[in-house]
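**Q** One line per chain: the protein sequences are A and B, in this order.
1 is the number of the first residue of the first sequence in the UniProt record's numbering; add one for each residue after it.
1 is the number of the first residue of the second sequence in the UniProt record's numbering; add one for each residue after it.
Quick caveat, the hints were computed from the structure, so don't treat them as lab data.
Quick caveat, the model's predicted, so the values are computed rather than measured.
From the three backbone atoms N, C-alpha and C, an ideal C-beta is built for every residue, glycine too.
Subject to a maximum C-alpha distance of 20 Å in a straight line, what follows is the list of computed SDA-like cross-link-like pairs (lysine to any residue): (1) K764(B) / Q213(A); (2) K764(B) / P248(A); (3) K842(B) / Q213(A); (4) K22(A) / D288(B); (5) K766(B) / P248(A).
Not everything, but these chain B residues come out facing chain A in the computed CB check (under 7 Å): (6) D158; (7) S292; (8) D294; (9) V297; (10) P609; (11) V612; (12) D614; (13) R673; (14) K674; (15) S770; (16) S835; (17) E836.
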Amino acid sequence: MCTACGIAALSLLLSACGGDPKPNAPPEARVFEAATTVVATREIPVIYTTTGTVVSDERVEISSRTAAYVRTVNVREGERVQLGQLLATLDSQDIEADVRMAQAERDKALAASADARRDLEDSEKLLAKGMVAQAHRRKALLLQQSADESLQGAEAALARALSERQYTRILSPVAGVVVARHQRAGDLASPGTPLVTVESDTALLFETHAVEQRVTDIRIGDPVDVQIDALRAPIRGEVLRLVASGDPVTRGFQVKVSIPPTQGLLPGMFGRGQFTIGKKQALVVPASTLVDRGGLTGVYVVDAGQRLNFRWLRTEHGAADGFVVLAGLEPNERVIVAPTSRMREGDRIAAAGATP
Amino acid sequence: MSEPRLNSAGIIARTFVDSKLTPLFVVAILLLALFAALNTPREENPQILVPGAQVTFELPGATSTEVERLIVAPMEARLREIEGIEHSYAAAMPGMGRIQLQFFVGTDKDAAINRVRQKVAEGRHLLPAATKEPLIQQVDADDVAIVTVTLASNRYDDYALRRLAERIGERLNTIEEVSVTQIHGGREREIRVNLDPARLQAFGVTMNEGIAMVAASNVSAVVGDLVGDGQRRSVYLRGRLPSLEEIRRLPLGAHRGQLIYLEDIGDVVDGPVPERDALTRLAFGPGDPRYSADDSVGEMASVTVSVAKKPHTNSVRVSRDILEQVAKMKAQFVPAGVEVVTTRDDGQIADHTVNSLIFELAIAVAAVMLVLIPFLGLRQAMIVCLAVPLVLGLTLTIDMLTGFTINRISLFALIMSLGMLVDDAIVVMENIHRHYEQGTTDRLRSAVLATHEIGTPTTMATITIVLAFASLSQLSGMNGAFFKSVSVNVSVAVGLSLLLAFLVVPWASQRWLPRSRHAPVHAATGHSPMQRLYIRIITPFLDDSRRRRWLFVGVGLALVASLMMPAWQFIRPAGISGPLSFGGVGLAIMPVENHNTFSATLDMPESTPIEVTDRVAREFGKLVGRHPMVTNYLSYVGMPGVLDFAGQVNGAGARVGANQAEIRINLIDKAARKTGSRAVLDELRVAAEPLLARHPGLELRFFEAPPGPPTVATVLANIHGPDPEVLRAFSARVKQEFQKTYGMVDVYDSEVADAEQFDIVVDKEKAVLSGVTTADIEQTIRALMAGVVVAEVQIPGEKNPVPLRIRVPRQFEVDPALLDRTLVRNRNGDAVPVSELTHLVKARVDRPLLRKDNEPVSYVGGNVIDISAPAYAILDMDRRLDGLEVNGERLTTGNLTLEPQIPNTVDGYQLLWDGEIRVTLDVFRDMSQILGVVVVLIFLVLVANYRSFTLPLVGMTAIPLGMIGVFPGHWLVGIKFSMTSMIGVVALAGLVVRNSLLIIDFIHDHQREGHGLREAVQLAGAVRLRPILLTSAAMILGVLVLFRDPLFIGLATSLLFGTIASTVLTLLALPPLYYRLAKSRPEWVQARGSDTPGLHGMPEGQH
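Next up, chain B with everything else stripped away, as it sits in the complex (with noise of 0.2 Å):
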C-alpha cells in the first residue's frame, strides 16, 4: 500500500493520533459539559415569541354597527400597515370595540408594539370625538404564570382567602425573577352604599346630587405653605373620608331644613359585594388523599395566585423558590381550614421532563454500547461511547452559549442524534479495528490510514445529515420556532461527532484496542459466517438478470404499497369521511400527548344568569370530581381561569360573561398513572353526555394544550362576508354540517343567542316640558343600574385604597319598578321620576360584530377525535359546503392551498378553512420543499464529490427505500403519520444514505485493489455489513427511547422503520442495481480522483 496524499480527515487523524493535547481536550470537554448540564436554564417546552398587540377603543352608547364603521375598520386597516402582521382579528361590541394583533413569530416585540402605538396616535384623529383614549396592551407570552398557588377553604369564604392570598402575592414579588403576581377570583373590600331608591325619592335627593356630594367630600390635598417664625409649613386640607363611620354621617344636603346623611338614603356596608360575577372553585378528587378528608369535600370557595417569571429565566429554579416561599408563609399565617394547592408548576414539570429525559438519555447510551460490546469487543465499544459524552457535552455548552434552554424538544434532538452520531465513531473504530486484524505493524500510521480511508464517504454522509437537519430550521412560523432546537441541536451534534471522531477514536484506538491476535489474514478468505451468507444471498442477483429485474419490482411494488396506505383514505371509493381502511395510516399534524392538566369549557346561551351557569358547572365538577384520575379541578365560573400559552393563543382570556365558566383539571403526574389525558377527555366527554342533553343550549369544549405550538381550534372554519345576517344564516348551516361529521365534536360558533334587553326610550318632548336633558336620565340610570365608585377611602392599615361604590342592590335592578323611583331634577328644582320620562322597550341584544384580517368574519369551530384527523373532516365537509346557498347568496370555500388565502369578500360570500389544517398545509409546504432542497442539496455534494451525475442517484436510492418502511411502521405502532413523523422522514433522507454511500466507496477501493466489479461489488457489501448493521442499530437504539413521547413517537416510528427497511433493501438492492449500471458505467471508479493514481485504468469485472 503507498502513502496516499491525505485528505482532510486523515491530517486530522495524524495530527492528533498521538498528540498530548487529545487527553487534555477530552478532560476540558467533559468539565465543560457538566457545568452547561447544570446551569443551562430548563424549560419544558421552548419558548416561542409570538408577539401580539390589543387595542380597546370605547365610545359609550354607539351601537355595534357604529363602531365598526366608524372605530374598527378604519383602525384595523390603519393598525395594519404595520409591517410584520400576520393577523388581525377585531370585535365591534355595543360600545367598545377592540382589535388584537399578531405579529409573525420571532417579530421583536418591543418595536411591534411601538409601531403600533404610534400608527394608534396617528389615527386618533380619525375617530369620532366622543371615543376615549385606546388602550393599548402588548400580550407577551412572558406573562403566562408558571406557578399557580390555590387557597381553598369550606372554611372561610372568598373574601377572606382573596385577603390571605393578596398577602402571600406581594411576598412573591420580592423573588428577583418573578415578574407578575395575579390574583384570581375572590371578592375585594369595598364601602358600598346601598341605596333605597324610595328613600332617595322621600328625601327629594336625586342620585345625581348625592354622587357629586360623595366625590366633593372626599378631598386631601397640600393647599399651600406658610412661612413664619422662620420656618415653612405646609398647608394641608384634610377632607379625606377616613373611617366608615364618617362615611356614614357624611352630610349630603339639607332638606327642610334638617341634614340629609349618606345613612339616611341608604345602608353603608363595609366588605365584599354581596352580588357576584364571578366565581371561582376548588375541589379535589380521587387523586389527592385530601379527597377522604371530612373538611375539604366538596367545592371549596378558592382564590387563585398566579405567578410569571421574567424572560430567560430558569424556571426551575423560579418555581422552586416561589413554593419554598409559599410553603414559609403557609407556615406563618395560613389558618388551619384553608387548603394550599399548587395548581400549577411548570418549573417542576420541566424539571422532571428535563430530569426523565436525561435519564433515558443514558439508558439510550448503555443500550448503544449492548449492541456494539458483543458486535466489536467491549474496548472498542468503550472508544465509540467515550465519542457520547463528549459530543452531547459540546452540544449543551453550545447550547448554553447561544441562549438555547435545555427543554423537551432539545433533549429529544440529543436522543435522537444519539444513533447518528455514535456512527461517525464507528466507522472509524471499526475500519481501524479491521485494519488492526488484518494485522500491522505499525499501529499509529493505520489508524492514520483508516481513518483517511472512510474519511470521505464518512463526510460525505455527514454532510448530508447536517444539510437535512439544518434546513428543517427554515420551517416558518410558530412550528419553525418549536421546532427549531431539533434543527440546530442535531446538526451541531453530527458535526461535531464528525470532527471528534477523526479526532479522537484514532488516538484511543491505537491506544487502547488490542493486538490482533490472528495472523494476518487475506481480506477475500477471512470472511466471517455472516459476511459469507451475505455473499451467498446477493450473488444470484448479481448474476441472474431475470432475477434481479424481480428484485427491483418487488421494491418497486412494495414502495407504490407503502405510500398508498396513506393515500387510499383520499381516493377510495367509501370517500374520505369514515373510519380508516384496514391497513390505512391516518394523517394528523398534531399528535396526542398526555398531559397532566386540560380545561374543560362550558358555555351557555348568553342570556343565562350566572346561578344557572353555575349549577351547571357545579354539575360537571360532580363527573369530573368523580373521576379516579383528578386529583383537583378548578371551577371559574364567570371569569376566565389562570391563561397558559395555548389559552393566550386561542383567545381563552377573554372569556367574561355570566354565561360562561371554565373548569381547570389536573391529573395524577403523568409518571404515577397508566391512562393517557386523552382517555380521562374522552371519558368525561361521554359523561357529560346527558349534562348536555338536560341542558340544550350548553356548549361543552374541551382543550389539552397540543403537544407543539397552540392554534385556535383543530377545524375551524372563518366564513366571510358583508352583511352579518347572511354570515349568521351561513354560520348556522355551517354549524350543522359540522355536527353531522365522522369524529367531530367541540363544535362551537361565534354568534351569538338572541338575548333580550330593555331598552329606555326618553320621550324627548316630556322630557323638555319637565326641563330634563336626556344626558341626565343617562347618568342616572347607569349610576343606579351599574353602581358607580364615586371614591376611594383610604383606611389605615389597609394596603390598597378601599373603593367607595354607590349602588343599587341588586332586588331592585332591571325592574321596571324601579324607574318610578328614580327622581331626575330639572332646572327648577323639581325632583321628576324617570319613569314618567321614558318607556321601556324590549328589544334585542346588539350582537357584537366580528373582524379577521379587514374582513368580517363569523367562526364555526370543532375538533377531531382520534377515530378522525382535520384532514379527512374539512375535505369531507368542504364537498359539501362549497357551493352553499342560503338567502339566494352563495358560499365558496378556500385556504386548502399551500399559500394561505387572504379573505376577500368581493365576489360574495367565503368560507376559509383554519386551524390545525392551515397548520398542516404550511408545514407540509415549508416540509416538501425543505426535503425538496435537502435532496438536491445531497445530490449536489455528491455530484461534486464523486464527479459524476448519476452515480449519486444510485446511492440517493437508499431514500425512497427508506420510504417503505416508513407507513408501514406507522400501522404496525398504531399512530397517525403526524408533523414529527415528516421530519423523521427529512431526517431520514439524510441518514439513509450514509449506508449506500459507504458501499459504493468500498467497491471503488475494492476495484482499485485490482478486484474486478463483480467480486468488489460481493465484498464491498460483505464488508461494510458489520458497520451497517452496527450504525443501524444504533441508530434504532438510541431512537427507541422515544417511544414513550406522544410527540416524537412519529419521529421515532419514521426513523426506526425507515433505517430497518432502508438498510436492508440497501444492502439487498444497491450491490445489484450498482453492478448493473456500472457494466456500462467504467468512468463511476475512475471519478475519484488523482489521489490514487496507481488504481487507474484497472480492468473491469469479467462477469
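Bound-form chain A, shown alone (with noise of 0.2 Å):
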C-alpha cells in the first residue's frame, strides 16, 4: 500500500548516503642510496672530570741582595729571557764609595807594603856590610811581612766591594718567561722582596683538585686527558703526584698531572683533567648518524621494510667517537649513517648492506 511505499521511500532515503569515500594515496616512497649501521653497546670510560690550572714545575722569584734602590727593570711581563740575561740594575752610588775606598786602602797598603821591602833591602844591605844589628834586620822583615798582610786585607776589602757591585746587575738564574715584574725603577729593593719572577716554560704541570670520594680512585701514572679550553686538542698527561693531605674545609686534594711540551700552552690557562675511574657498556651512535628534525634531535632507524623511521634520542657526551644514548634507541636498531635532509618519515633505502 502507500503507507508501505511511504516508509520504502524514506528508509532508501535514509540509507542513500552510500559507502565510504576513496582514501587518497600516501605519497611516493623515495629510495635512497644510503649506508647504514648497527648500533650496538660496548664498554666506554667512566671518566671523572675536575678543573684546574696548568702551573710550572720551576718558578724563581729573583730578589735582591743587597738593600738599594732599583735603577732600572730591563724586562717586562711575559719577556723570555735566557739564562744569565740581565733582568734589573739596582742603584750603585754606594758600592762605587765603598770600592774607591777600598781602592785607597789597597793603595795605601799597596804603598806601605812597597816602603817595607825597601826598608827590609836597605837593612840587608847594611847587615852584609855590618852596619846593622841582625835586630835592625829582623824588624824590618816584620813590618814588611806585616805590611803585605795589610795589602791582602785591603785587596780583599776591594775584592769585596766589587763583588757587591756585581750584584747590582740582576741576572736571570733560569731560561723562562718573566711571569710577574714586583718593582719598578726607584723602588727600594731589599733582601727578600722579590724584584721579578721567572717560571720555565719548559716543564709545566696541570694542577688540579679532586674531592675525597673520587681521589681513592686516582692512582700515581695514571692517564689524564687534559683539555685546555684554549687549545683545541686533548693533551694526553699522567697523575705525577698526589699531595697526600687534603683541606678540612672544602675536602679537596691536590692532583698534579704532568703534561708534554706543548706548542701553546701557557701555565695559568684553565683546563679540565679527565680522569678514567672504570668502565661501563652503553649505547654509542656515531656523531655522522644524529640529524634534526622539527627540532628533535635523533636518528633513521631501518626497519625490516627498509623504510625509514625518524627516532628521538636523548643523548650525552661521553665517549670519544660519538654519542651515548640515554634512551630511544636499542641496541642491534639499524640507523641511517650520514642523513640528508631530503630523508623524511616512509622513505625507503636501497641498498641492505650493514656496516658493523
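Hints are included, so try docking the two chains, each in its own frame, into the full complex.
**A** Structure below.
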C-alpha cells in the first residue's frame, strides 16, 4: 500500500548516504642509497672531570741581595729570558764609594808594603856590610810582612766591594718567561722582596683538586686527558703527584698531572682533567648519524621493510667518537649513517648492506 | 441530536470556527516561527553546567603522607561542609596536594566558587605555616574550546609555529564572543644561561651568588620626583636588561680583581629550550588530500590555537567568525609550508547537525502527509499538516524566549513529537470529516459538535502525554540536564497541538473540507471494507468466552516472553558473563554513537623518559595514519590535548608527564562515510595489539565522547581503605579480575609503577663542620636541576616579557658527578663541593595518595566493548570480588543499590562500583519512579474523568500491551536497551493510552445513542479503526527518522514497536476485555456525567 511505499521511500532516502569515500594514496616513497650501521653497546670509560690550572714546575722569584734602590728593570712581563740575561740594575753609588775606599786602602797598603820591602832590602844590605845589627833586619822583615798582610786585607776588602757591585746587576738564573715584575725603577729593593718572577716553560704541570670520594680511584701514573679550553686538542698526561693531605673544609686533594711540552700551552691556562675511573657498557651512536627534524635530534632507524623511521634520542657526550644514547634506541637497531635533509619518514633505502 | 452543553474544546472551536482572528493568528505564528528558527542559538548538544572547583596546595619538601595528613584530609573535610557538593576528589603528592570538588548539576557556579574561596580562607590557619598560598581554580564548561586551529609544518619547527600561533590567537581575541584563546604546544622564547658547573667552580662562584646577582641586576623603577625650573620630572632608575648582549656582559663579581661576566660561567642563548618535556605533532591521514602531498608527509611539528566562546552565544556564528578571521590571517602572514588545519569546529558540527535535523523534520512532515493523503484525501491532509508548522514554530518561539538553544536533543524531541502532535489535529479533523460524510447542513455547527465530541478523550490523552514527558524533567544529575529539552519541547509541543487542534482545525475544516457527495447514510451500514473486516475479526472474541480467554492468555504469555528477553541474561544458568543468548536483548545505558573524532591515551610506566614515550606514540601514530577514515591526528606527548567537555569531567587535563601521550584522531565527516567511528576505533584497537605486545608496560585507552553526559569511565571500581599498601594489593587483584572479564578492554588503574629517584642525603655533621646549612644546599641543587627563572627581560618588539632562566644543560642532569662540581659557599666564604656534604641514595618515588569523598581510594577502570555491557561485566566481577582477601584483609563490594552508597572504611576495605553503572542505577531509579508517577497520574486523571476506579485500569492495559513490542523490537533492530529506550517507554505509556481511551469513549457514546453493549463495542472499534491506524502510522513515520541517530535509536525503537504492538493489541484485545468487564459494571457508561442526560438508563447489550 501507499504507507508501505512511503516507508520504503523514506528508508531508501535515509540509507542513500552510500559508502565510504576513497582514501587518498600516500605519497610515493623515495628510495635512497645510504649506508647504515648497526648500533651496539660497547665498553666506554667512566670519566671523572675536574678543573684546574696549568702551572710551571720551576718558578724562580728573584730578589736583591742588598738593600738598594732599583735603577732599571730591563724586562717586561711575558718576556722570554735566557740564562744570565740582565733583568734589572740597582742603584750602586754606596757600593762604588765602598770600592773607591777599598781601592784607596789597598793603594795605601800597597805603598806601605813597597816602603817596608825597601826598608828590608836596605837593612839586609847594611847587615851584610855589618852596619846594622841583626835585630834591625829582623824588625824590617816584620814590618814588611805586616805591610803585605795589610795589602792582602785591603785587596780582599776591594774584592768584596767589587763583588757587591756585581749584585746590582740582576741576571736570570733560569731560561723562561717573566711572569711578574714586582718592583719598578726607584723602588727600594731589599733582600727577600721579589723583584721579578721567572717561570720555566719547559716543565709544565696541570694542577687540580680531586674530591675526597674520587681521590681513592686516582693513582700515580694514571693517564689523564687534559682539555685546555684555549687549545683545541686534548693533551695526554699522567698523574705525577698526589698530595696526600686534604683541605679540612673543602675536602679537596691536590693532584698534579705532568703534561708534555705543547705549542701554545702557557702556565695559568684553565683546563679540565678527565680521569678514567672505571668502565661501563653504553649504547653509542656515531655523531654523523644524528639529524635534526623539527627541532628534535634523533636518528633514522631502518626497519625490516627498509623503511626509515625517525626516532628522537636523548644523548650525552661520553664517548670519543660519538654520543651515548640514554633513551630512544635499542641495541642491534639499524640506523642511517649520514642522513640527508631530503630523507623523511616512510622513505626507503636501496641497499641493505650494513657496516658494522 | 440535541444541543449538548459544550465542553471547553467545543467552546474554543465555537469561538474561533468563524473568527477573522484565526487567519491572522496563523500568519503571526508562522512569522514568529521563522524568526525563532533563524535567531535561536544553535549548539550540538545541550550545555550541561557542572560547576567544579580545584584547590591546589603546595608544601615544599613534604612527603605524600604528610601532605595527606596535614593538608588534604583536613581541607577536604572542611570543603565538604559546603552544601551542593556531589563528589570530592583529592590527591596528595610529594610537596603538593590537590582537591577537586564537583557540585550538583545546576548549582550556581559563581556562588559555588565563592563558597570554596571562603572555606579555604577560613581553613588557612589550620595548615602548616610553610604552606604556600592555595590556588583556587574554577572548572567551567564555558572554557571548553569550540574551535581549534592547528598550524603544522615540516619546514618550520614548533618554536616558529608558536610565534605564529601567538599572533593568530591575539587577533582572535578581538572577536566579541570569544572568551579564552590558548596556545597548545610549541616552545616559548627564553633567554637561557646554560651554566657550566665546571666553570662556576673554576671561578669560585656559587650558584646562589650568581642567581642573586642576576636578579638584583634587573631592576627598573621610578625612584622619585625632582622639581626644578617650575617643572616636575620623574627620576627613573634604569637597570633592566634590555638585550642579549648586555646579559652576556653582566658582571657577576670579581675574582682576584678581575670581573666575572655571566658569559664566563655559561653560554647565554636566546631561543627555545632544546630539552623539552612536551611535544605536539600533526599528521594527515588518507582521508585528507594533503596526505598525498610531498611536503606534508609524516608527523609534522604542530601548535594548536584553541578558542572558547562566551556563554549564551551562538556557537555556529562564533566559530564561523573565528575561521573567517583565521583565513584572513593565513593569507596575510602565514608563510608557505605551514599547514593551517581546523582540527575542531563544534560550530560547524552544530550547524550540520541542526540543518540535517531540520531537513529530517521536513522529511518526517512530508512522510506524515504522504500517509494521510490516501486515508483522508488531499485537503484533509493539508489541514492536518497546517497544524505542524504552527506547533513547531510556537515551540521554537517558546524555546527562544525561555533561553533554550536549538540543539540535537531539542530537535529530536520535535521530530519525536511530530507523530503525537498531528494526532490531535487528525482526530479532530477526522471526526469533522466523518460528520460531514454523514451529511450535514450546518457545517459550522457540525464542526463545533464534532470537536466537542472528541474534546474530552483527546484532552485526556494529551494530558497523559504531557504528564509523561513533563515528569521526565525530574531526572536527576547530568542526564536530567541533558534530556531536559526533550521533556520541555515535547510537553509544550503536544500541549500546543491540542490547543491548535481545537482552534485552527475546525476553522480550516469548515472552510476547505469538501461537501459530502454521498447521501446521508446510516452509521451502522456505512462501514468500509476495512471496518467490516475488523468487525468480523473482533466478533468471535466477544461472543465466545473460550476464545476470549485464549486471547488474554496469549497476550499475557507474549508479555512475559518479551520481558524475558532482557532478563534472561541475568537469570540464565550459563551466568551473566559471556555473549548474549539467542533472542536476548542487551542492557546498556549509553548507546554507541558515530563521531567525527575520538582520542586515545598512551600510558607508559612512570619511569619512562619522554623519548621512549614519543617513540611509542609515533608507532601508534603510524597505525592511525594508515586508516582510510582518518583525516588527521594530533599527538600530544607529555602534555594533555585540547580539552573537550568529556575530558573536563574525566580529568584528562591532568595528564601531564613524560610517560603519557594523547592522540586525537579526526575522521572524515560522518555524513561522508559509512564506517562508524566505533568501528574505526575497534579496528585500531586490534591493530594496536602488536604494539602492546612490544611494550609490555603500555596502557592504551580509547575515549569517545559519550552520546549523552560524560562519565569518568564505563566501569570504575573505587577501592577504599585505610592502608595504601593494602589498597595497592587489592587494586592489582581487581585489575586482574577486570582483565579476565568478558568484553572488558582499556583496563587501567590509578596505582603508579615504582620509579626510582635519587635522594640526596645531607650529612649534617660534615655540613656543620664545613659551615654550610641544608637550606643552602637545597637552594643550589634546585637551581641546578630544575633551573630557575631569575628575571624577566623586556625586549623591544616582544609582546611578552622573555624569561631569563638559569639552568644546567641536560647532559649534566641527575648525574652524581654533578654534585662534585656544585659549590656551596660557607660563612667564611670557602666554596665547598656539595658532594662532600651529601651522599646519594637510590629510593622509590613517593607515590601519590588519592582520596574520594573523604576516604582514601584507588581506582581500577575499564571499558566494555559492544559485545557485552557494563552491567553484565560488573555483576560478573562483583561475584568474584566480593569477599576477596588480600594480606588478611577482606574486601566488600557495594554501590549496586538504587541509592548511591557513600564510602565508609570503618568496616574495612570496600569496593564501590562507579562509572556508567552508577548513572544506570540512578537513571533506572529515577525512571522507574517517573514511570510509576506517570502511571499513577494518568490513572488519577482518568479516575477523575470516568469517575470509576476500574475503568481507567482497562484503559491503561494499553501500557503493558505496548511493552510486548518494545523488547522484540530492540532485538530485531539489533541494539541494546539503553537509556533513551527507557525514555521511549515512559513516552509510550502516555501515548498508547490514547487509543484505548478513544475506543472506550466511543463505546460510551454509542451506548448513549441507544446501541447495545455488544453493538457499541463492535461499532466503536470499527469507527475508531481509521483514526487509530492513522495516528499510529503518523507516529511511526515521524519516529522513523530518529533511527538515523545512535542516541535516539533506542527511543525510536521503543516508540515504533511499542506503538505497533499496542495499536494492534489494543484494537484486538481491548474491546473483548471491555465487553467482558462492562457486562457486570453498568455504572461505567453512566459515569460520563450529567451533560448527556438523554442517554441515561439505556438498555445494556442483550448478548
